[in-house]
Structures are given as structure tokens and as C-alpha cells.
Amino acid sequence: MHANRPIRARLLVTLTTFGAVLLGAVIVAPLWGSASISLTRAFNGAIPFADNVDAQIFFIARLPRVVAAALVGAALAAAGAVFQALLRNPLATPDTLGVSSGAALGAMLALTFDLDLRVAGIPSVPVASLAGSLGALCIVYALATARRRGLSTTVLLLAGVTMTAFFSALILFTQYLADFTDTFRTVRWLMGMLDIGGYGPILGVLPVLAVAFGLFATLPRPLDLISLGADAAAARGVDVLRAERAALISASLATGAAVSISGPIAFVGLVVPHLVRLLVGSDHRLVLPASALFGGAFLIGCDVVARTLLAPVEIPVGMVTALIGGPFFLWILIRRT
Amino acid sequence: MLTASDLTFAYPRAKDRAVERVSLSVGTGESVALLGPNGSGKTTLLKLLAGALQPSHGVVTLEGRSIRDWSRRDVARRIAFVPQETFAPFDFSVLDIVLMGRFPHLGAFALEGPADLAIAREALAATSTDAFEHRTFSTLSGGEKQRVVIASALAQSPTLMLLDEPTASLDVGHQFDVQVLLGGLNRRGVTMVVSTHDLNFAAALCQHLVLLRNGRVIASGPTSHVLTADNVRALYDVEADVRLHERTGRLTVTPVGRA
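So the protein lines, in turn, are chains D and V.
All residue numbers for the first sequence refer to the working numbering, where the first residue is 50 and numbers rise by one.
All residue numbers for the second sequence refer to the working numbering, where the first residue is 8 and numbers rise by one.
Chain D extracted, bound-state conformation (with noise of 0.2 Å):
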């Protein structure tokens, strides 16, 4: 699909693939687990939910968890691939920027304290982490273009780096103030897991990812662009700062409520971009639905990984993708230079 066929093709072969890709993951993966289950009886129509144990396991106890693998795999991967194209760098990602860590610091208060927060339907959590998502982003860009005109990607990185390690400390005072338990529940949920048992968490950020996808689908011809430098974009008649914006907001809007659901998951904005990149070629129009899809997927698969490895011990997802992505991450600076 990388080859010299109209771009209209490719865009209907890259979906199909990474679509069914995903539909296959997302059918495939609640089939894991203590109890197995058959398929085909769990989809079987005739036999009442009530009375259907399949079902009820498949529909009910795993695919929630499934689900959500699905929707924070797509929201980091898309997130990840928005920001490499906007800051022209190929290690810019939620977690290296501080946006992750900012909505795992705000949901951490949110959980610690047990605030209210709720604003039009959305729980505490997502509130406290998009607030950390968005109030990072903020602090970063606002260093990045404090200096000169236009956005500093070396600052902007820089200043993620040294936001991710402040951040980091916060989250550390904030473990050492609360008590006990909560400690226990919150470092769980700071190692990255899907564990969430029910559909209600996806529910109350499902408006906001609908937000930032809304968004990302604006983006991939003005991305393509402003990768080749911003003034040459703007001669092109892309409107800049309002892409800029646009993109920035809405990838910090997906991490934090990827965040909300799931805790931090490191990496998966990273590798997925990445690969998706080596199959689909540059050309955002391509990448940033393929990242989407192949993340969801990415995510399911680690998952899976994560509850049978050392079953019946489930080990956080958070710790499978980054003993994936570390590698990788050093693998890509290597080939790079």
C-alpha cells in the first residue's frame, strides 16, 4: 500500500486493513481469560442473555476491559502521531511532552482527594486529568514560544522532559500525603491498567475523545505541511496557528482522557506512529487513521499479553508496552543518527 497508487486507494486500503485489524481484535481478544468461553455461543441469539454464560462473560466481564484497550490505544497512538508531525520530531510523544504526566498528576489529586469535579456529566477523574492534560500543554508551549517567534521544538521538549520530572515528584508528595490503601489503589492505577470493570468510566470521557477525533480529522493535510516548516505551510494557504492549535488541544484532550480511563501507558504513542509509518508511508492522511486503529489494536494485544503471561497473575499493561517501547524508543534514536 506504500506504492504509486492514487491517494484515494491507499486511504481505502489503509482503513480496511487497520479496520479489520482492530473488529479482529477486539472480537478475538475477550476469548482469554480463567473461564474460556465459546464464541459462537456467545453470539448465539437463540439462548436468552440471562441464561447465556458466554455472553454474559463476553459482553459483561471482558469486553469493557477490551474496549477500553481499544479507545486509549487509539486516542495515544493518534495523539502520539499529532504530535511527532506538529513539533517535526520524531520522539515527540504525550508521555516526553509532560502531557501524560500532567493528567496523571490531576487524576491523582482527583483520586487521593476525592474531589468533585464533575462538569456536564463527566466524572471527577477525566475532569482532573484533562484540567493536568491541557494545564501541562500549556506551561510547555508557553516556554516553548517565550523565547522567539513561532514554536521552539528543541524548548518544547526540553520543557516536557523537565515538566514530566516535576510532575513526576507532585505525584510522589501526593502518594506520601494520602493513606495507606489509597496509596496501594493509586500506584496501581499509576503503572497503567484497564481493569475498570463496567463500561461507565468509557462512557463519561466517550463526548471528549468524540472532541479530539472531531479534531484530528481536520488535521492530517495541514500536518503534512507544517512538518515541511511553518512559513512554507502558511504560503500554501494553511492556516498555522490555527492548526497548530487545533492540534495541540486536541491531542492533549485525547491523552487526558485516555489518562482518566486507564492511568499513564507509556510508549504506545511512540511505537505505534512508528510502525504505522513503515507500512503506510508519511502521508498523514494515512497515518493518523492507521495510528488510531493499529493503536487500539496494540493496546488489546499487550493486554492480553498482560493477562495471560504470568496468569492467573495479571501483570499493569503500562509495564508490557513500555518493556516493549523502551527498546524501541532506542532504536529509533539509533537508526536516526
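Read the hints as simulated data drawn from the structure, not as lab findings.
One or more of the hints may lead you astray.
[As the list claims (entries may be wrong)] Residues from chain D shown here face chain V by an in silico Cβ test under 10 Å; the list is partial:
no.	residue
1	R57
2	T267
3	P271
4	D273
5	L274
6	A283
7	G286
8	V289
9	R326
Treat the numbers as computed from the prediction; the structure is a model and nothing was measured.
A virtual CB, placed ideally from N, CA and C, is assigned to each residue, including glycine.
Chain V: place on chain D using the hints.
Chain V alone, transformed into the frame defined by chain D:
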């Protein structure tokens, strides 16, 4: 077709104005060179002319209307800007890069169709880059990259091209290729404004010169009138011989000492 009157621009937090009270006029089919030492405001002036920067004072007029009254896309359908250097952080193919030139001609969610592809291929042929349309842009040499970016600008179907030091960092062979390419485009009716440090390149390519120093125009007019030893001294503080070259019949400039 493009005029600038009394343009003034300062970058935020900068002490000095990058461009001060600059006026110039570019007629259809002309080619104009912007000359001046480093930091004299050439690049800023090009970006002002492209509408990528907004002047704090003065106005750029395109086809009789202030450029502020044009939409970005409408400007980009007429004016193409070629930056001094283009760095691609991702592995775009040459064809990908050239197709991006079609952006101002497409709606927000429209994809390039066969007509756009045909225009892109024409631009590739015009710049002799069609042989490597599938190669990765970032692996090309400096000269090849510059030609591809010019092809991308051509794919915008512009009537005016603004080029920022198109031959900087190119070897003599590639400089000559770019000079021949731009000369050919100009003869085919593309109006050009080119900033450059290469006086001989400017003399070969452009009928008009605008000399900038410290953001101000110190001289402008037809090349044969403006390219004089006095003006070279005023511009660069250099004593130079300015002579007609025997074989090309063009003015050539040879620096001989510091003024």
C-alpha cells in the same frame, strides 16, 4: 501584478526593524532579484510578499487588491514560496512532496485526483526530477531537493514565484542547473522574485534588482543600471570589478578588496 508600498516589519522583541519603508513593484513576467548582506531583510521581505507575515505598516497589493483582503488559499493559488532549505522529518516520497503543492486548490477534505496527479507529473518533468519521483525526499542531495521543492511550488500553478536563496549551499553545477531551470520558467511566463547572495546568478537571471541594506532599499531598477561598482561598495563594503562577460554578454562581478 505585485506591489509593496512602504512595508515595515519588526519581529516581536527585536530591537531593530527587519524591513523598513520598503516599496517595490513586480510586473507580470518580470524577474526581480533581492540583493543585500546577511540580515538585510531579504527573507523577511519575501515572507511579507507571500503574505506569510503581516507588515506592521504598509501594504502588499496583489492584482490591485490588498493581500489582506485575499484568502490564504487564493493567495497560494497565485504566489508560491520556495524556502532556502526544506527539511522533511518523515520519509515523504518526492511525489508526496510535489502533490502537497496542490493544497490550495483542494477543498478541506478533498483528495488529489487524476488532474492533480497530471499537474504534479508536469512539474516533475519541468524540473527534471521525474526520474526519482518514488525516492525518499530526505535521501536526495541538496541540488535535487531544491529542484523537487521548486517542482512542488510549480504544482501550485502559481503566476508568481518567490525564491529564498535558491542556490545557497549548492555546488557550481547544481547552481547552474537551478539558474537554467528558473530562467526557462521565467521565459515561459512565471514571474519571479529571487533573493540571493550570488551577484552573477542575479545578473544572469533577473532584469531588475532591488538592493537592501539594514532593511531599507538603497537602490533599485534595471540590472544594467543598478549593478555598478558604486552600488556593490555601498551594499557590501567591497571594491569590485563589474564587467560585461565576453562569452555570456552579462554583467559579472569580481570582488578585488575591502572598501
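Hint check results:
1. Evaluation of the R57 of chain D hint against chain V yields a held restraint, the C-beta minimum of about 5 Å falling below 10 Å.
2. For T267 of chain D, the interface hint holds, the least distance from its beta-carbon to any beta-carbon of chain V being 7 Å, beneath 10 Å.
3. Interface hint at P271 of chain D: satisfied, since its Cβ lies 9 Å from the closest Cβ of chain V, which is below the 10 Å cut-off.
4. Interface restraint check for D273 of chain D: the shortest CB-CB distance to chain V comes to about 6 Å, inside 10 Å, so the restraint holds.
5. Look at L274 of chain D: its Cβ gets to within about 6 Å of chain V, closer than 10 Å, so that hint holds up.
6. The closest approach between the C-beta of A283 of chain D and any C-beta of chain V is roughly 4 Å, which is under the 10 Å cut-off, so the hint is satisfied.
7. Checking G286 of chain D against chain V by beta carbon gives a least distance of about 3 Å; that is within 10 Å, so the hint holds.
8. Look at V289 of chain D: its Cβ gets to within about 9 Å of chain V, closer than 10 Å, so that hint holds up.
9. For R326 of chain D, the suggested interface contact is upheld, since its CB lies about 7 Å from the closest CB of chain V, less than 10 Å.
The structure agrees with every numbered hint stated previously.
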